[in-house]
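For this one, chain A is given, so just place chain B on it according to the hints.
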Amino acid sequence: MYRALLYITFALFFSLTFSVKAEEAYCAVSEECREARWTDLKQTIFKDIDIKSGEGIIELSTPKRAPDAAFVPMSFKTHKLKNQDDFITKVHLVIDMNPSPYSGTFKFATNLDQIELATRIRLDAYTKVRVIAETKKGDYFMAANFVKGSGGCAAPPLGDLDNMIANAGKIKIKVKNVEEKDDIAEAKIMISHPQFNGLQANPETTEMIEAYFIYNVEVTYNDKIVMSLESDISISQDPTFRFNFPVGEGGDLKITAKDIDGNIYSHSEKLAMQDNQLKIAFQ
Amino acid sequence: MKEIKTIKFFFIFILFFLLSPLIIAENKIKPLDVKKIADGVYVHYGKHENFYEKEDNIGDIANLGFIIGDDSIAVIDTGGSHQVGESLKLAIKKVSKKPIKYVINTHGHQDHVFGNSAFLSEGVTIYGHYSLKKFLQERGSQYIRQITQAGDKVKGTSLIFPHKVIAEISPDQVKKLSDEMTIDLGNRKLLLTSHATAHTYSDATVLDLKTKTFFVGDLVQDERTPTMDGLVKNWIKVLNEIEKIDFKIMVPGHGKIQKDNTALEKTKTYLQVLYDDVIDGLKKDIPAEKVIETAAQSEKDKWVLFNRVNPGNVVRTFMRYEWEY
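Here the protein sequences come in this chain order: A and B.
The numbering used here numbers the first residue of the first sequence as 1 and each following residue consecutively.
The numbering used here numbers the first residue of the second sequence as 284 and each following residue consecutively.
No lab work stands behind these hints, which were simulated from the structure alone.
Just so you know, not all the hints are guaranteed correct.
Claimed, not checked - In the DMTMM-like style, the derived pairs of lysine to aspartate or glutamate whose C-alpha atoms are separated by at most 20 Å in a straight line are:
{"id": "1", "chain 1": "B", "residue 1": "Lys567", "chain 2": "A", "residue 2": "Glu179"}
{"id": "2", "chain 1": "A", "residue 1": "Lys148", "chain 2": "B", "residue 2": "Glu332"}
{"id": "3", "chain 1": "A", "residue 1": "Lys254", "chain 2": "A", "residue 2": "Glu218"}
{"id": "4", "chain 1": "A", "residue 1": "Lys170", "chain 2": "B", "residue 2": "Glu332"}
{"id": "5", "chain 1": "A", "residue 1": "Lys148", "chain 2": "B", "residue 2": "Glu607"}
With the rest of the complex left out, here is chain A:
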């Protein structure tokens, strides 16, 4: 009789102690837990591909602590590469602890020896953020940072809901020369979109807002792709991308964005050199 009670008490005691340690909370403090999580994710996303350390190839920059988990600035930059075969054509973005960790794949112009991109992401919990660069010849290199920040996925939209929906799809382009590089320009692309991820509540009704986000962005320059993104729910409201592209003598920069409701938004600008400065030409 006592023995049985004793076992029950033991069982209760242990279940109480350990059940509260959900993976999320545990991974916030344990590197071991993060590694285990990544092993699982790596297997699911990349299967048996060998991913090498990105040191000397790709650098990821994130704040150590998210200023606001719904808008976490992140950027990556590759080192200058000599061999054409080592040029980076794709960069995969993985946010380990987000509801949908595989957050996107960026593609770039194939003739760039150095890639730079900046955007803003949402973080649901303290997490590793990873960028995995894929080269022309099929090598993979990873850079990863741990970022403290949580609640960014359920965070309410910034601004007025109706306004946001009415303005969805507005696009703005900014360009400028990159210092000391005649042939490279920097583009900043802003797309107005609420990016509802299905995890936010509507203030009026308290019901969850249905997911409504951009899953594909394509930027072409003179009809050649210079940046494209297949993405998921982790890109922040009003997606913004800053990246480099080979500029030449000028031409048409065109953006096309698609959201999961089937809307296609596009916008283009004519770029021209004026006094050695790349400008948006007045039409």
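Leaving out everything else, chain B in the frame of chain A:
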């Protein structure tokens, strides 16, 4: 026989272990320290810590207050958890046996409203800005998650919406006649005002007309870095209006009580510098991550927790005005 005795002893030992957190938790609720700042007006000062972050932080970070009239008591903000609310209730009961009839929330942030639940058993009516309910609904899923993540130390904390809005509504309940209203605690009237979007879009102030004690919530902050969760420009505008109000003692949402507009001016200066620096960054097309490092840095030494609060203010301000430049 001996074996059973040992097991029995062991069993009691384990049981004690199991119950000990509950026993300790029960004992933890002690009345909050409160200070009398005017006749019938009391304030509890919150600690300048990060919300729920340290193990012993149960959300006691905001200034809370209560005002005692001839007939009843009004509570202004209830703290960052059910536990803080309970402790505040104990503190009030130590001072006065009069019924607690009103709770007024100065805005919808966690550290000011999460203690509301502790006062429901008193049969209080909770007042808040006319947009407070919307604000709390919007934050609902995020806030509840935060409470769950904090675990046992804030057990029982829940989101309680205001029962009544701070506004004068037409008899047919359709039109808002004014953003102001008064409540009477018995020979003591409080003027409640809902403000336009500033610190948040749910900011309200409480002016005790008897002692001219002015509870301004986080519209004015002293010591702790203000959190910008509304609109910078509007906030400055609202401060310009509040500045004209005649008061004897101002109780900011965080930091020390004020005899004049020093803290108000300090808050305003921070906001102006924040706004100017972010707009300057936008005009020069400097990326957000760089603007975070530089914006409002000249204000750094004037505030506590600056490095934790300022970056978020910069990002949110940057996002708001990004399309205009």
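Inset, instruction - Please name the hints from earlier in the document that this structure breaks, with their numbers sorted from lowest to highest. - result: Going through the list in order, the structure violates hints 4 and 5 and respects the others.
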